[in-house]
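Residue numbers (the numbering used here), protein chains in the order written: chain A, 8 to 155; chain B, 21 to 295.
Keep in mind the hints are simulated off the structure, nothing from the lab. These numbers come from a predicted model, not from an experiment. Possibly wrong hints are sitting among the right ones.
[Claimed, not checked] Here are the computed lysine-lysine pairs in the DSSO-like style, where the Cα-Cα straight-line distance is at most 27 Å:
1. K127/A / K172/B
2. K154/B / K172/B
3. K147/B / K70/A
4. K135/B / K199/B
5. K127/A / K135/B
6. K127/A / K26/B
7. K70/A / K248/B
8. K32/B / K141/B
9. K248/B / K147/B
10. K127/A / K147/B
11. K154/B / K92/B
[Claimed, not checked] Only part of the chain B face toward chain A is listed, based on derived beta-carbon distances under 8 Å:
12. N24
13. C25
14. S34
15. A38
16. E145
From the three backbone atoms N, C-alpha and C, an ideal C-beta is built for every residue, glycine too.
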Amino acid sequence: MNSKVEKQHKLGSLVQNQEDVSRLWREGTPFPTVDTRAHFGPGVYAWSRLTDAEEYHTLRQRKVVEALQIIEFRVWNYCLRRFRQLDVNSIPEPEIDAWINRHSLLGEGPFEPHGYQYLKRAVGFREVGDPAVEHYFHSSVFAHLWFY
Amino acid sequence: MVVNCKYRLVGKVSWTIAINISAEWNALTEPPSEATQLADWLWFSCADRTVPVEELHYFMLGLKVVSEDIEKQEKGGGTILIRVLDIDFNPTDYQSEGLMPAAACWAAEAFHFPKPEIIGKYDKERKRYAISVKPRTDSLPEEVVSPTESMKTSLAGLRDAQRLLEQGGLISATKGAGKIVRIALQDVARKRGDMPLHPDVPLPVSIEDLVIVLGRSGRKAIPLRVNKHAVRISTWYRDLQFGIRPPNRREAEEYMHSATEVVRWANEVIQHDTV
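Use the sequences and the hints to build the structure in full.
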């Protein structure tokens, strides 16, 4: 791997259907806003590990008829470092539910924007082993995500 | 009338169960032709074909838990059909057990009664939420009598179930035996002081949850042999409750054998365990 590639950070992103793939290959809009698809707000919800993406793909495909596919993108590490960011799992246990309730549409609300451009969050679909980690990129940084 | 309801469960962890339900209910003059009967007057169907039948069991269980509240609110005496139109959820964190409290909350909103007590705690070992809805039916005797007294009733109930089985009443016999196993395990937990943790905390509803509670009591856990029978009961109990897959004779006999083994062990614990 050459030094140029080493500077890149590769992520796998699962999207629901061809329509969403086309949307992401263009300018990304309109971003979904329904709570079950965009709980941190409009943007891209992705997986860093391909195994997470593949497992999630299998799980989702069981429930929908249309073919789902995994597409990938890259984001430069120097960009990534500059995003306002938070690892939700770094919030201490006593406060994490309060944070989720306040800043995720999956919480009990009332919802307040979190103000971050990049969030990481462990998710619950995997029953064995380490949890998969969801990576959220706010729509304002979409231009820095290179889909291919 | 279509009623939309959002159920949320947030614990001390970064993931959360979120289920959005859209369902309608109608009062009918005659029982519907294609629906599952949950009570004499209560029927259920689902138009959302993306939800597997085994997951719908949790939804039906949630409705069943609050069926008395629904009946109290709808005193017309007619038949009610609840029809689910759409179930939406966050797939990253979904647990099908969440459909049980979600259904109960939907019913509370649709029929205007207070939401049932729901306990959802994140279980670090299983990496899942353990969810209970406070049962409003057949819970009174378990709470007002001592475990020893309750066990006497359970043993008598088991003999009745055995008689029903001999007479060919496979469904009623196995349903009755399943309920007795649940009560017996609750009695053991109460006897050992595992429950109630707090007067306001409801007892676990499912046999599966009870087995987990007992296995973690820090005292004598359920012996492996008994645990095997308890698991068999818990696996079949939901199917039996809703008549989704009625047992054949051999299965009913095996089920009854397992129920007898679990209740016999529970009786020994209650008679001999020191507190």
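Evaluation of the provided hints:
1. K127/A / K172/B: 54 Å, violated
2. K154/B / K172/B: 24 Å, holds
3. K147/B / K70/A: Roughly 22 Å between the alpha carbons, so the hint for K147/B and K70/A holds.
4. K135/B / K199/B: 24 Å, holds
5. K127/A / K135/B: The hint is violated at about 33 Å.
6. K127/A / K26/B: 25 Å, holds
7. K70/A / K248/B: 32 Å, violated
8. K32/B / K141/B: 8 Å, holds
9. K248/B / K147/B: Distance of about 22 Å is within 27 Å: holds.
10. K127/A / K147/B: 18 Å, holds
11. K154/B / K92/B: With a Cα-Cα distance of about 17 Å, the restraint between K154/B and K92/B holds, given a limit of 27 Å.
12. N24: Violated. Min distance 12 Å.
13. C25: Interface hint status for C25/B: violated (13 Å vs cutoff 8 Å).
14. S34: 5 Å, holds
15. A38: Constraint on A38/B satisfied, holds at 4 Å.
16. E145: 11 Å, violated
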